[in-house]
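For the sequence shown, the residue numbers in the working numbering are 307 to 410.
In short, the hints are calculated from the structure, not lab data.
Here are the simulated DSS-like pairs of lysine-lysine, each with C-alpha atoms no more than 25 Å apart in a straight line: (1) Lys-385 / Lys-367; (2) Lys-317 / Lys-385; (3) Lys-317 / Lys-362; (4) Lys-362 / Lys-381; (5) Lys-402 / Lys-381; (6) Lys-317 / Lys-367; (7) Lys-317 / Lys-402; (8) Lys-385 / Lys-402.
Since the model is a prediction, treat every value here as computed from it, not as a measurement.
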Amino acid sequence: TPSSEAQLHDKIIAECRNRGWIYLHGSMAHRSHRTIGEPDFVIIADHGRIFIIEAKSLNGKLSTEQLALMAWANKLGTKVHEVRSYTQFLQIINEKPVEHSRHD
307 TPSSEAQLHD
317 KIIAECRNRG
327 WIYLHGSMAH
337 RSHRTIGEPD
347 FVIIADHGRI
357 FIIEAKSLNG
367 KLSTEQLALM
377 AWANKLGTKV
387 HEVRSYTQFL
397 QIINEKPVEH
407 SRHD
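Go ahead and model the full structure; you've got the sequences and the hints to work with.
Encoded structure:
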């Protein structure tokens, strides 16, 4: 149901605020003001981490545009996380950051 998706959004926002993270989040009421297929959240977290999150209710369907954007981002090497519960969101943000070796 839309209310459960809205509740998930609210919990994600509260967690970001609690951690002092920046979150970019468009209005659910004004979808026309967003880029087609744009994920719900871009979260600028600690340790240089950025999370891109598409939050859906348990039965919510991804649009064709959302699926296309996720595939394109993946092709560019960026993961868009599809999140259907607060627990799943916490698992993603609590993963140990991957150390990238630098070849400069």
